[in-house]
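Protein chains in written order, with UniProt numbering: chain G, 1 to 253; chain D, 1 to 275.
Derived by calculation from the structure, the hints in this document are not laboratory data. Be aware that a few hints might be false.
Unchecked claim - Here are some of the chain G residues that sit facing chain D, going by a computed Cβ distance under 7 Å:
#, residue
1, TYR17
2, PHE91
3, PRO92
4, MET101
5, LEU141
All C-beta atoms in this analysis are idealised placements derived from N, C-alpha and C, irrespective of residue type, glycine included.
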Amino acid sequence: MSERAPTLVLDRASVAYGDVPVLEELNGVVHEGEAVALIGPNGAGKSTFIKALLGLVPVVRGRIEVLGRPPAQARRDVAYVPQADTLDPDFPVSVEQVVMMGRYRRIGWLRRPSAGDRAEVADALERVGLAGRARDRFGTLSGGQRQRVLLARAIAAKPRMLLLDEPFNGVDAVSQHALLEAIGSLKAQGASVVVSTHDLAIAHLACDEVCLLNRHQFGFGPTGDVLTPERLRATYGGHALELRGDRVIVTQT
Amino acid sequence: MSWLDSTVHRALVEAVLVGALGGVVGVFVIARRLPFFTMALTHATFPGIVVAALLGVNLYLGGGLFGLLVVAAVLAFGRGRGQDFTTATGIALSGGFALGVVLVSSQDGFTKDLAAYTVGDVLAVGTGDLVATTAVAAGVLLVLALVGKELLLAAFDPVGAAALGLPLVLLDFALLAVVEVTVVATVPALGTILAVALIVGPAATARLLTDRLAPLFPLAAGIGIACALAGVWVSTQWNVATGASIALFVGLVFGAVFLGTAVRDRARRAVAVRA
Chain G
1 MSERAPTLVL DRASVAYGDV PVLEELNGVV HEGEAVALIG PNGAGKSTFI
51 KALLGLVPVV RGRIEVLGRP PAQARRDVAY VPQADTLDPD FPVSVEQVVM
101 MGRYRRIGWL RRPSAGDRAE VADALERVGL AGRARDRFGT LSGGQRQRVL
151 LARAIAAKPR MLLLDEPFNG VDAVSQHALL EAIGSLKAQG ASVVVSTHDL
201 AIAHLACDEV CLLNRHQFGF GPTGDVLTPE RLRATYGGHA LELRGDRVIV
251 TQT
Chain D
1 MSWLDSTVHR ALVEAVLVGA LGGVVGVFVI ARRLPFFTMA LTHATFPGIV
51 VAALLGVNLY LGGGLFGLLV VAAVLAFGRG RGQDFTTATG IALSGGFALG
101 VVLVSSQDGF TKDLAAYTVG DVLAVGTGDL VATTAVAAGV LLVLALVGKE
151 LLLAAFDPVG AAALGLPLVL LDFALLAVVE VTVVATVPAL GTILAVALIV
201 GPAATARLLT DRLAPLFPLA AGIGIACALA GVWVSTQWNV ATGASIALFV
251 GLVFGAVFLG TAVRDRARRA VAVRA
């Protein structure tokens, strides 16, 4: 893997909202085609971590480099996938209109989508298995399908780095499978993926690396090395329970 | 003699202009959930118009400048810690209206002027008002055509828009300024209190009729124009206040469509249950 270029570099980085530090002493490297899972309890700073990679929360100490640039200057090549249930389901917008939003940066100000943009939108919807729902209103889809639409929006942006905030929360098995497939194919094309999740099984399944977070970093490295009972107990404090010696379940996320 | 020399003809043209303008801008107001802000803006614009009248300067200029100050203040306070648009808007609403009333009450002829500023009179619009409304409508439609897709993305998914690197504060300001100039252009016809009816009502009614974005604009504009024309007609037939008649039509049409779509949805559900 050593010939692959690093896409994300964290070097003793701390991020803060105003004077309040949210995450401190972040260290690690992610390469092209790798996926890293952000794991930690609610309020651990996972969403803040993602916003820092977008340049929306400032780095107050140390350094974060995305695609070799400061985060705010890398946005052109980074796509963000929010949690579907944070978006208003009553908004009068169709599935294809949501996916087209991923093309806006390429379309530019003052201009309208071209036939090429529409082809990219159709292709992205195909890749998440929702080609037949293009004309439906976004809010009429299930939670899992809406999450897939938002992933399609990110795919349409042709990103080199993909940031997903809890994409598997409350998602049915079919949508979970479709999301994992699409993320896998983006990785195969060389994109890096950062995904926050509560689901340790998904982290094992989809991610090469894990970053354990709870205000501080409790580990960053290959999934098998980092997802150990000891480290999970340290990250989750009293909310980690041990099962049969070598497995841990998390009682509160 | 030109066709526009007739009071009624001028009123009809103004009605078409403010109806269409309010309808189209209203779609963005509803999408961004700004009806309450629009309400406050109409009230806060009021002192600007009064000051302009007292100083003898152009009413649009006075109202517009004061309104822009209010927009900037709401944006500044709305972004403060533990605040949001609603809090800042509530203060702007009551504060602006109170300032206007204090200014008007310091003058002679208090009641008559207050009525003119607060509920308007479309039958009193002059050719200058028509020119101003046309200019505002052209400018607003141009802005919306140029940055409409970015405004809608920012309304739908603000964090996603910021992640794309879109300047959210600038977009917010552009939309609030569009709403502001629309309010000022509508004031001569409907007054500061009733202007909100034509901006919120037709778009809300259109939203009941369609889930799609594209038809919302012509629908809202059409409903706005129809209500404005109906209001002018009623007020000339029975000699009642025009602005209030227009606002009443807006309310009636919304109520009728609301009931109609509610009945239709019930019927559809009943059919679905039986099937």
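Hints versus structure:
Taking 7 Å as the C-beta contact cut-off toward chain D, the hint placing TYR17(G) at the interface is violated, the least distance being around 10 Å. With 7 Å as the threshold, the beta carbon of PHE91(G) comes within range of chain D, its nearest partner Cβ sitting at about 5 Å, so the hint holds. Contact between PRO92(G) and chain D, as hinted, is supported at the beta carbon level, the nearest pair being about 5 Å apart and thus within 7 Å. Restraint check, MET101(G) versus chain D: the minimum CB separation of about 5 Å is within 7 Å; hint holds.
Here the hint on LEU141(G) is broken, as its CB sits about 13 Å from the closest CB of chain D, past 7 Å.
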